[in-house]
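Colleague: Sequence:
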Amino acid sequence: MTPDEYVEAVLELVERIPPGRVMSYGAVADALAERSGRASARLVGSIMARHGGGVPWHRVVNAAGRLPPGHEVEARARLRAEGCPLRPSGVDMSAACWSPNEGV
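For the sequence shown, the numbering used here gives the first residue as 1100, with consecutive numbering after it.
Just so you know, these hints were derived from the structure itself, not from any lab. Just so it is clear, CB atoms sit at the ideal spot from N, CA and C, and this is done for glycine as well. Fair warning: there could be bad hints in the mix.
If you anchor each label on the Cβ, the simulated ranges turn out as follows [as the list claims (entries may be wrong)]: (1) M1100 / N1200: 15 to 21 Å; (2) R1179 / M1100: 34 to 40 Å; (3) G1125 / H1170: 16 to 22 Å.
All chains, please: the whole structure from these sequences, using the hints.
Modeller: Right, here's the structure in full:
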């Protein structure tokens, strides 16, 4: 998979995250690792920062549920509007985590 194909794969996966649910940067990387040969949460974060404006970027958080840096207020508002379970520190990961294999 080329770097451009990986960017597209990340963005396509993020588009599939249902409203009110989230994935961590690492979970996105892990979900694509076998197909891409890459497994870097940092790379996913970089892709989201550079190219994520057209996808539901607010549904990708860190593993502890913290919201995207610099966009916490907007992300919290969007997630709240979607009914995502939140905590003062961010997303309630035990209740909101989504896997692309869910229901398969």
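Colleague: Each hint should be assessed against the structure and marked as holding or not.
Modeller: Each hint tested on the structure:
Between M1100 and N1200, the C-beta spacing of about 19 Å keeps the proposed range 15 to 21 Å intact. Against the hinted window of 34 to 40 Å, the Cβ-Cβ separation of R1179 and M1100 comes to about 35 Å, which satisfies the hint. Between G1125 and H1170 the Cβ separation comes to about 19 Å, which falls inside the hinted range of 16 to 22 Å.
Going down the numbered hints, you'll see the structure goes against none, and every one checks out.
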